[in-house]
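So the sequence lines, in the order shown, correspond to chains A and B. Numbering that gives the first Met the number 0 numbers the first residue of the first sequence as 0 and each following residue consecutively. Numbering that gives the first Met the number 0 numbers the first residue of the second sequence as 0 and each following residue consecutively.
None of the hints are false.
Listed next, the in silico PhoX-like pairs over lysine-lysine satisfying Cα-Cα at most 25 Å (straight line):
hint: 1; chain 1: A; residue 1: 113; chain 2: B; residue 2: 65
hint: 2; chain 1: B; residue 1: 65; chain 2: A; residue 2: 37
hint: 3; chain 1: A; residue 1: 74; chain 2: B; residue 2: 117
hint: 4; chain 1: B; residue 1: 117; chain 2: A; residue 2: 73
hint: 5; chain 1: A; residue 1: 113; chain 2: B; residue 2: 117
hint: 6; chain 1: B; residue 1: 117; chain 2: A; residue 2: 170
hint: 7; chain 1: B; residue 1: 38; chain 2: B; residue 2: 19
hint: 8; chain 1: B; residue 1: 65; chain 2: B; residue 2: 80
hint: 9; chain 1: A; residue 1: 113; chain 2: A; residue 2: 101
hint: 10; chain 1: B; residue 1: 38; chain 2: B; residue 2: 21
hint: 11; chain 1: A; residue 1: 170; chain 2: A; residue 2: 113
To be clear, the hints were calculated from the coordinates, so they are not data collected in a lab. Just so you know, these numbers come straight off a predicted model, no measurement behind them.
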Amino acid sequence: MAVLIRRLEEPDQVALFDCGDEPLNNYLRRHAWTNQQKSSIGVTYVAIDEGAPRSVLGYFTLATASVPREAFPKKYVRGLPAYDLPLILLARLAVDRRFAGKGLGHALISEAFKIALRVADDVGCRCIIADVYQDRIDWYARYGFVALEGGDPSRPQRMFLDIRTIRIALKGST
Amino acid sequence: MTLKTRQARKATLPPRGRRKSKFQADLAPAEDQMVRGLKQELQLNSNTDFLSDALALFRWAVGERKRGHRIFSEAETGERKELVLPRLERVAPGLALPRVEITWTPRELERLADLSSKEPSPPTETLLRAMRG
Numbered sequence: 000m001a002v003l004i005r006r007l008e009e010p011d012q013v014a015l016f017d018c019g020d021e022p023l024n025n026y027l028r029r030h031a032w033t034n035q036q037k038s039s040i041g042v043t044y045v046a047i048d049e050g051a052p053r054s055v056l057g058y059f060t061l062a063t064a065s066v067p068r069e070a071f072p073k074k075y076v077r078g079l080p081a082y083d084l085p086l087i088l089l090a091r092l093a094v095d096r097r098f099a100g101k102g103l104g105h106a107l108i109s110e111a112f113k114i115a116l117r118v119a120d121d122v123g124c125r126c127i128i129a130d131v132y133q134d135r136i137d138w139y140a141r142y143g144f145v146a147l148e149g150g151d152p153s154r155p156q157r158m159f160l161d162i163r164t165i166r167i168a169l170k171g172s173t
Numbered sequence: 000m001t002l003k004t005r006q007a008r009k010a011t012l013p014p015r016g017r018r019k020s021k022f023q024a025d026l027a028p029a030e031d032q033m034v035r036g037l038k039q040e041l042q043l044n045s046n047t048d049f050l051s052d053a054l055a056l057f058r059w060a061v062g063e064r065k066r067g068h069r070i071f072s073e074a075e076t077g078e079r080k081e082l083v084l085p086r087l088e089r090v091a092p093g094l095a096l097p098r099v100e101i102t103w104t105p106r107e108l109e110r111l112a113d114l115s116s117k118e119p120s121p122p123t124e125t126l127l128r129a130m131r132g
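Using the sequences and the hints given, assemble the complete structure.
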């Protein structure tokens, strides 16, 4: 099976996608395309099998955000650049249950890192932020994501990965 | 009588999807001059041919940027120039990420500021593997 990762397209078959988590299924089935094309609040990338190029095996969604400099506690501001802190939000990442355990999640997050580096090169970005389910924290930690403690308990754990760490990894891997 | 005429006209029209549509544009004198000059250079006789060729080129450029490819011209000396059009950049995967608002708690912001102001951590083995692929 040759897997290709590309941007979500309207004719892609998303109705049968099932990662075992209803909010993640629902996002892809109902909102991903609209959010990408009409509302412009997230770009979704899908993994597809080149042999069946419309069937979605997994996906992730990216957006950009920034934190205003004045929002940070004063004692930290001196160590930061004199601008708002730009970041990339890895909003969602999911793999269809039929393809779980085959390295598809790894392929998806690798592609997300590469896109993040391109964005960082083009418009600047300091880190990647991911909102992670409790049972997936260890998986993200393996890539170097660090938990930002003290978050709102009603939402998933927010995690941080420095874009410079990814850049070092790219240099180290070539 | 009127009804008859309308019916006759309707019968001669091609089906909706195959009808040709008209395209009209208001050009400033300088742009008009540019179109005339290009038509002459490219030996195009009609505005339709001109628009058709321009459309094919634009469509190709949009497709390339959508795939994340950059578009360059290269001189014989090897000097390269990149084509950067703001409108084209909107479809490029890197730059087409939309902007969203995120809510933070004060403690998260503290931790974020702390991590962002430090030297970056060395990459993990899994991250190195991810970037190798």
